[in-house]
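Trainee: Whenever a hint applies, use it, and build me the whole structure from the sequences.
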Amino acid sequence: MSHPEPVRITVTCMGHSGCYFPGGGETQVFECVPGETIEMFLERLGVNTDLFMYAVVGGEKRELSHVLRDGDDVLLVSPLMGG
Amino acid sequence: MTLGGYMGKILHVDLTTGESLTVPTGEDLIRDYVGGRGFVAKLLWDLVPPGTEPFSEDNIVVIAPGPLTGVYMPGSGKVHMGTKSPATGCYGDSNMGGHFSPEIKYAGYDAIVIKGKAPEPSILVIDEDSVRLEGAGDVWGAGAITAEKRLKERLGEDFQIAVIGPAGENLVKYACISHDFGRQAGRTGIGAVWGWKNLKAVCVRGSRSIPIAKPREAFDKAKEMYATCYGKPGFKAWTPYGTAEVVNWVNKVGAFPTRNFSETYFEGHEGINGQALVDRVKLIDKGCFGCPTPCGKYSKAKTSLGEVRVEGPEYETIALLGGNVALSQIEEVAYANAVADELGLDTISGGNAAGFAIECFKKGLLTEEQVGRVLDWGDLASVVYLLEKIAKREGIGDILADGVKAASERIGGDSERFAIQVKGLEWSGYEARWAPSMMISYMTCDVGAHHNRSWAITHDVATGRDNLEGKSEKAIELQHIRPLFDALGLCRLQWVEIGFELENYAEVFPLVTGIEARWEDLLRVSERIWNLTRAFSAREVDGFGRLWDYPPRRFMEEPVPSGPAEGKVLTREQCDHLLDDYYDRRGWTREGIPGEDKLEELGLGFVIPELTRRGYILK
Ligand code: SF4
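Heads up: the protein sequence lines correspond to chains P and V, in order.
Mapping the first sequence onto our numbering, position 8 (from 1) lands on 8, and the numbers just tick up by one.
Mapping the second sequence onto our numbering, position 492 (from 1) lands on 492, and the numbers just tick up by one.
Hints are not guaranteed to be accurate.
SDA-like cross-link-like pairs, simulated, lysine to any residue; straight-line CA separation at most 20 angstroms [unchecked claim]:
| hint | chain 1 | residue 1 | chain 2 | residue 2 |
| --- | --- | --- | --- | --- |
| 1 | P | Lys61 | V | Glu270 |
| 2 | V | Lys568 | P | Asp50 |
| 3 | P | Lys61 | V | Phe235 |
| 4 | V | Lys236 | P | Asp72 |
| 5 | P | Lys61 | V | Asp279 |
| 6 | P | Lys61 | V | Gly271 |
| 7 | V | Lys252 | P | His66 |
| 8 | V | Lys252 | P | Val56 |
| 9 | V | Lys236 | P | Leu64 |
| 10 | V | Lys252 | P | Leu64 |
| 11 | V | Lys236 | P | Gly18 |
| 12 | P | Lys61 | V | Gln275 |
| 13 | V | Lys236 | P | Gly25 |
| 14 | V | Lys236 | P | Asp73 |
| 15 | P | Lys61 | V | Lys252 |
| 16 | V | Lys236 | P | Asn48 |
| 17 | V | Lys252 | P | Thr49 |
| 18 | P | Lys61 | V | Arg280 |
| 19 | V | Lys117 | V | His99 |
| 20 | V | Lys236 | P | Glu63 |
| 21 | V | Lys252 | P | Asn48 |
| 22 | V | Lys252 | P | Thr37 |
| 23 | V | Lys598 | V | Gly587 |
| 24 | V | Lys252 | P | Glu43 |
| 25 | P | Lys61 | V | Lys236 |
| 26 | V | Lys252 | P | Val47 |
| 27 | P | Lys61 | V | Val278 |
| 28 | V | Lys236 | P | Glu26 |
If you're looking for bench data, these hints aren't it; they were derived computationally from the structure.
Mentor: Below, the structure is given as structure tokens:
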């Protein structure tokens with residue numbers, strides 16, 4: 001039986017949300033479960049998914065339902081505004 | 001001595017006599033209040049005689065850039081305006097972007113103070129040292145956008161113009177100041193004070209240079225600040241959408257104003273979110289002076305009522321003229337936005353008033369005969385009808401023009417329960433029954449229910465929305481950081497939206513001004529200003545204090561009926577807990593009045609005799 005290929009991603013948090021992310025908001029490398037979405041990944045880390053509005057993956061805007069792929073460069077965007 | 005960043009003088013204009021004079025910008029004023037909002041607060045305290053009516057010759061309007069306004073650096077185009085508010089009777093202010101503020105500096109002024117009342121509808125023309133009143137002529141009665149265009153034609157493109165619309169002329173208590181064809185100082189009814197003073201517009205032109213203490217270093221630092229902004233990972237993600245980006249998220253967390261805040265999740269949000277804005281109505285991005293992250297979206301929209309071009313809609317307008325009146329198409333929100341802008345109405349209070357009226361109608365508290373038509377949720381014609389009636393003070397509009405609090409007192413029934421305001425100022429775009437830090441932020445905001453002093457909802461989400469601990473503390477922290485931008489004359493969106501670091505501002509301030517102040521020193525100034533605005537409201541309003549800090553009864557008594565926040569409510573007891581914690585941390589009495597020790601500590605001992613005379617401080 002072959003094992004699924006590991007999925008390695010880089011994750012950066014935008015702005016203040018880094019305070020609530022394990023290891024802070026700076027770019028970090030993570031290994032994910034194949035088929036895992038961004039939302040599932042955050043839940044597995046114990047991060048409140050409501051902190052993020054969406055993600056930018058490889059420069060493209062993506063919902064948190066995006067299925068992570070090996071090599072994805074993920075920017076997590078939190079709502080920081082308020083006029 | 002002229003410090004860097006300051007022009008060295010303040011212009012005083014008496015509209016009654018048409019005379020003007022300048023006074024040096026005092027070093028102690030600079031040291032203790034910095035500029036912008038700080039100057040507004042101190043000049044209001046000093047120059048408005050206690051007990052002055054908002055609509056009177058003695059009430060003043062202060063227009064103040066900050067020391068960093070007009071200087072080469074990100075977001076340096078902001079101006080702060082203040083007055084004794086006709087909406088609340090308390091301290092009132094509002095902030096505006098565009099290009100008006102730098103022009104005031106180029107004309108040679110750190111602030112403009114306007115008092116009196118012009119004998120006839122007028123415009124104030126400030127052309128460096130030449131200061132004159134001119135008859136308003138055909139711009140009186142004109143819409144705000146139209147009037148600005150006509151005044152540019154009359155005076156020249158190089159004038160920067162701030163103007164009111166018919167709502168201001170008709171003393172609507174949430175009339176705004178408009179500039180740059182779609183930027184507004186929207187809140188607290190400053191436009192109505194201009195209208196009462198027969199002041200249609202302030203038109204400014206200047207060509208002076210702003211002195212800089214360390215020009216080379218300041219320039220290099222500013223260049224680095226721009227590069228940092230452009231390099232932020234959030235820059236490309238946020239800028240195309242602007243503030244509308246947050247609609248989906250606010251809805252998802254159950255905080256989106258819906259049908260006069262009776263609900264907090266709007267089923268039609270996908271038709272009015274950032275994506276809808278970009279895909280369906282946006283033409284181009286539009287920004288203020290020196291802005292690297294233009295949040296303005298210039299749009300074109302076609303509806304059953306016609307086609308409009310408008311700057312917007314931004315988040316607040318989408319929330320209050322979208323979800324709050326159940327409009328679910330971005331084109332319709334843009335249309336209502338354009339109507340409000342031309343009338344010179346604050347879209348936040350205007351959207352509240354429309355939502356409130358529709359709910360009253362649905363509950364039978366207003367009849368078709370009283371209103372002049374049927375009102376319904378999700379009906380653009382109802383919303384436009386109400387906005388126009390309000391601006392003209394016709395029929396039901398005359399009642400709504402005084403704000404939802406006053407309107408509820410006239411309409412009666414249980415309408416006071418769902419008049420969504422604090423201190424008489426309508427609530428902006430974040431429902432807070434499941435966001436205690438956001439709730440205490442709204443309750444204690446110095447101008448009434450406005451979000452921009454402390455936007456703490458992410459703190460609620462991150463630290464638990466059902467517990468109250470630490471929530472007031474966060475609100476206080478933000479109430480010092482965020483308004484500091486209004487004192488410096490800067491936009492805070494580069495910080496809050498794309499995570500631009502606060503240290504940058506701390507570094508650049510001494511380079512521009514020559515004042516060796518650390519960030520903590522500036523935060524201390526911000527705390528001083530916060531306490532002074534509170535003291536001003538206590539001086540001006542009988543019985544001011546705790547009772548003025550409660551949210552509407554809907555938020556304390558009606559659990560959210562459905563959606564992500566279903567069942568959530570912050571009871572009066574919980575609000576009391578938040579208030580006690582807030583007052584204690586601030587060094588205020590449990591009645592919400594700054595304590596003597598705190599006032600002395602902040603160098604505000606001069607307000608103590610007045611607060612004592614008014615019975616707030618017992619000797
Ligand atoms: S982010 Fe928006 S409000 Fe701030 S300076 Fe830029 S355009 Fe103006």
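Trainee: Each hint needs a verdict: does it hold in this structure or not?
Mentor: Each hint tested on the structure:
Annotation: proposed proximity of P:Lys61 to V:Glu270 holds, straight-line Cα distance about 16 angstroms (limit 20 angstroms). Pair hint V:Lys568 plus P:Asp50 holds up; C-alpha atoms about 17 angstroms apart against a cutoff of 20 angstroms. The hinted pair formed by P:Lys61 and V:Phe235 meets the criterion: a straight-line CA distance of about 12 angstroms does not exceed 20 angstroms. Among the hinted pairs, V:Lys236 with P:Asp72 is consistent with the structure: their alpha-carbon atoms are about 18 angstroms apart, no more than 20 angstroms.
Straight-line distance between C-alpha atoms of P:Lys61 and V:Asp279 comes to about 14 angstroms, which keeps the hinted pair within the 20 angstroms bound. Restraint check for P:Lys61 and V:Gly271: the C-alpha separation of about 18 angstroms stays at or below 20 angstroms, so the hint holds. Simply put, V:Lys252 and P:His66 have alpha-carbon atoms about 17 angstroms apart, close enough for the 20 angstroms limit, and the pair holds. The hinted pair formed by V:Lys252 and P:Val56 meets the criterion: a straight-line CA distance of about 19 angstroms does not exceed 20 angstroms.
For the given pair, V:Lys236 sits about 18 angstroms from P:Leu64 by alpha-carbon distance, which is consistent with the 20 angstroms threshold. Proximity of V:Lys252 to P:Leu64 is assessed by CA-CA distance (about 13 angstroms); at most 20 angstroms being required, the pair is judged to hold. Proximity of V:Lys236 to P:Gly18 is assessed by CA-CA distance (about 19 angstroms); at most 20 angstroms being required, the pair is judged to hold. The straight-line distance between the Cα atoms of P:Lys61 and V:Gln275 is roughly 11 angstroms, inside the 20 angstroms bound, and the hint therefore holds.
Restraint check for V:Lys236 and P:Gly25: satisfied, since their Cα atoms lie roughly 18 angstroms apart, inside the 20 angstroms limit. Our distance criterion of 20 angstroms between C-alpha atoms is met by V:Lys236 and P:Asp73, whose separation comes to about 15 angstroms. Under the criterion of a C-alpha separation no larger than 20 angstroms, the hint pairing P:Lys61 with V:Lys252 is consistent with the structure, at around 18 angstroms. Under the criterion of a C-alpha separation no larger than 20 angstroms, the hint pairing V:Lys236 with P:Asn48 is inconsistent with the structure, at around 24 angstroms.
Taking the CA atoms of V:Lys252 and P:Thr49, the gap is near 11 angstroms; set against the 20 angstroms cutoff, the hint holds. Taking the CA atoms of P:Lys61 and V:Arg280, the gap is near 18 angstroms; set against the 20 angstroms cutoff, the hint holds. Proposed proximity of V:Lys117 and V:His99 is contradicted: the alpha carbons are some 26 angstroms apart, above 20 angstroms. In summary, the hint linking V:Lys236 to P:Glu63 is supported, as the alpha carbons are separated by about 16 angstroms, within the 20 angstroms threshold.
Straight-line distance between C-alpha atoms of V:Lys252 and P:Asn48 comes to about 13 angstroms, which keeps the hinted pair within the 20 angstroms bound. Among the hinted pairs, V:Lys252 with P:Thr37 is consistent with the structure: their alpha-carbon atoms are about 18 angstroms apart, no more than 20 angstroms. For the hint linking V:Lys598 to V:Gly587, the alpha-carbon distance of about 6 angstroms falls within 20 angstroms, and the restraint holds. Annotation: proposed proximity of V:Lys252 to P:Glu43 holds, straight-line Cα distance about 17 angstroms (limit 20 angstroms).
Annotation: proposed proximity of P:Lys61 to V:Lys236 holds, straight-line Cα distance about 10 angstroms (limit 20 angstroms). Proximity of V:Lys252 to P:Val47 is assessed by CA-CA distance (about 16 angstroms); at most 20 angstroms being required, the pair is judged to hold. Between P:Lys61 and V:Val278, the direct Cα distance comes to roughly 13 angstroms. Compliance with the 20 angstroms bound is thereby established for this hinted pair. Simply put, V:Lys236 and P:Glu26 have alpha-carbon atoms about 18 angstroms apart, close enough for the 20 angstroms limit, and the pair holds.
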